[in-house]
Amino acid sequence: MALKSENVRMLAKLVVIACAMFGFGFALVPFYKKICEVTGINDLQRADVVTNTQVDKSRTLILELDANTRNDLPWHFRPTESSVKIHPGQLVQVVYEVRNDSDEPVTGQAIPSYGPQFAGQYFRKLDCFCFSTQELKPRETRRMPVVFVIHPDLPKDVNTLTLSYTFFRVEGARRAAATRVVAKPPV
Amino acid sequence: MEAVHGHDHAHDHHHPTGITRWLTTTNHKDIGSMYLWFSFTMFITGGILALGIRAELFQPGLQLWKPEFFNQLTTMHGLMMVFGAIMPAFVGFANWQIPLMIGASDMAFARMNNFSFWLLPPAALLLASSFFVPGGATGAGWTLYAPLSVQQGMGMDLAIFAVHIMGASSIMGSINIIVTILNMRAPGMTLMKMPLFVWTWLITAYLLIAVMPVLAGAVTMLLTDRHFGTNFFNAAGGGDPVLYQHVFWFFGHPEVYIMILPAFGIVSQVIPTFARKPLFGYASMVYATASIAILSFIVWAHHMFVTGMPAAGQLFFMYATMLIAVPTGVKVFNWVATMWKGSMTFETPMLFSVGFLFVFTMGGFTGLVCAVAPIDIQIQDTYYVVAHFHYVLVAGSLFALFSGTYFWLPKWTGHMYDEKLGKLHFWLSMIFFNMTFFVMHFLGLAGMPRRIPDYSQQFADFNMIASIGAFGFGLTQLIFLAVIIKCIKGGPKAPAKPWEGADTLEWTLPSPAPYHTFETPPVVK
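Protein chains in written order, with numbering that gives the first Met the number 0: chain H, 0 to 186; chain F, 0 to 524.
Just so you know, these hints were derived from the structure itself, not from any lab.
Since the model is a prediction, treat every value here as computed from it, not as a measurement.
For each residue, glycine too, the CB sits at the ideal point set by N, CA and C.
There's no promise every hint is true.
Some chain H residues flagged as far from chain F (calculated, every beta-carbon gap over 12 Å) [what the hints assert, rightly or not]:
(1) E5
(2) A46
(3) T50
(4) R77
(5) E80
(6) K84
(7) I85
(8) L90
(9) V93
(10) D100
(11) E103
(12) Q108
(13) P144
(14) D156
(15) T165
Not everything, but these chain H residues come out facing chain F in the computed CB check (under 10 Å) [as the list claims (entries may be wrong)]:
(16) L2
(17) V14
(18) F21
(19) V49
(20) Q53
(21) G114
(22) T132
(23) M143
So that you can see chain H by itself, here it is in the shape it has in the complex:
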């Protein structure tokens, strides 16, 4: 019947549209990443370029340091100092210390957050352990620096800042590590 075959033809076209839209959902992922990259939003893993390091000695800020772990990460993670006094524009280095308390290698990734939230945009990081994943051998202890400048444009009413890092376990790495352990031939 003519109508029937015409219906089936249209059905096929509509199924193609539906499948294409399923693919489009996944295509949004690289698209989103690209937009963030081009506009510089949410770019957590790249070093900033600091051009003008005019130090504003007239202002003293209290920077509080904070450290957390998530996803049952068997790590001990803390800053070496709980707070430091700094000036806007000054090149500052703080050190975090992390220790793997487990008997297997574990990979983690640190994600920063800031208090107050909008202060994040005034942090210019030249170097940070959060720029890459950290793989710790069993019982390994590591001291990791963060080097940054607070941009002098920081609003005048902000006197206390918080820099916080949370270490997340990188799941894929755990699975890979687990496979490695299994695959190791008996000694």
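Fit chain F to the given chain H structure using the hints.
Frame of chain H, contents of chain F only:
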């Protein structure tokens, strides 16, 4: 048994009885009825969950539920109402009415139609049973935001599968509807002669095909993040939870129009009938519907003003959202103009449609308030938002569904419904609806957050009013059930055209509509 008759042609006049009739039916009327009963069941189930929420919020402090169970209640209420009640109800209307209104004998793919219905009950069972698995149902909210949804127990997996199945069901339903409308109209029925209900469903079906697969993609990503080591939304692995919100709302905003456009269609059939005047501005109604559908794809991030979007992004999404008020305004204007100087009577369908017009428009205006970025940042995740979307979903979609049910019940059952009970249903629904949700505007503006089982003392009075209203609204729906059962069982015989002003094709058929209709297509002049 059915296999014996298997190779008979589609219009087998010897149809099985009892349960096999319903399991194997390919008749659009049977499937439409099943959709409607399914959605009513889910409406009651989701409603009971809502009453669980309102019972807890009756007074401050924790009375009945643990906070995590409260979150499961809000999440499941949302999922069941959106995917189980509202959407299948409209598909039920489409199944019953579209072939009748365009003069087709059935839907284009009758077996697929049966399959797309029978996917729904298993999905509903998955959702309902997730309450009983370890960790309970998902409490991540109906939007299933990452990272919470990546972390929760197996109730979340059941919800993901349920969403997959319901999505597949509505994609199949939509394909069926599009093919039926485009290929099977009676001779002479050009696109611009189609009843507006058919038009709104055509556009809705395209929206569904465009966005349901995106939701399927989003929840698939959640699933692989949870179990297969991918890192789409996992910050530690280089993913981004905000990405989930973008993908979800790319589906989510067209979704809200999926739930309201067919409602516009029903109201556009009912108001001209009872005003005894043709619909004012038919062509502009069609274009307004299409504009709303197209605009819905570029406004999704207005749900995300607090995610740290750049000001330029906020401005774009704010203005694009406000633009939607224009075609919506055209529609409201046209409905009012249709009533202008009409010979109106107020039978129950008309009461619900006029009620819709009042209350939905209020919901539209609060939507406009929410669209303004600086205000939205203030009222994000407060009860103001809860009030807004219940004004458009309950007083919008649901009231239109009631209106359509009363409008077509005589055609479906062959009996007139009880007008007195119908009117009582309308007035009680209207009063209790406003009692429940109007006060939520005040609560939201005063800062009461949503999805929290406890609240400060100063919110106590309004919450008590809202809870009493909610229980009233819930009980009122039993009147609706009573009217339907009474109407199916008997009542005055309905003529072929019980409404004087009705002029679409279904009213040329006897009431109740025979099992097989328009085997020879009617000719439309």
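Just pull the numbers of the violated hints for me, sorted ascending. 1, 12, 15, 19, 20, 21, 23
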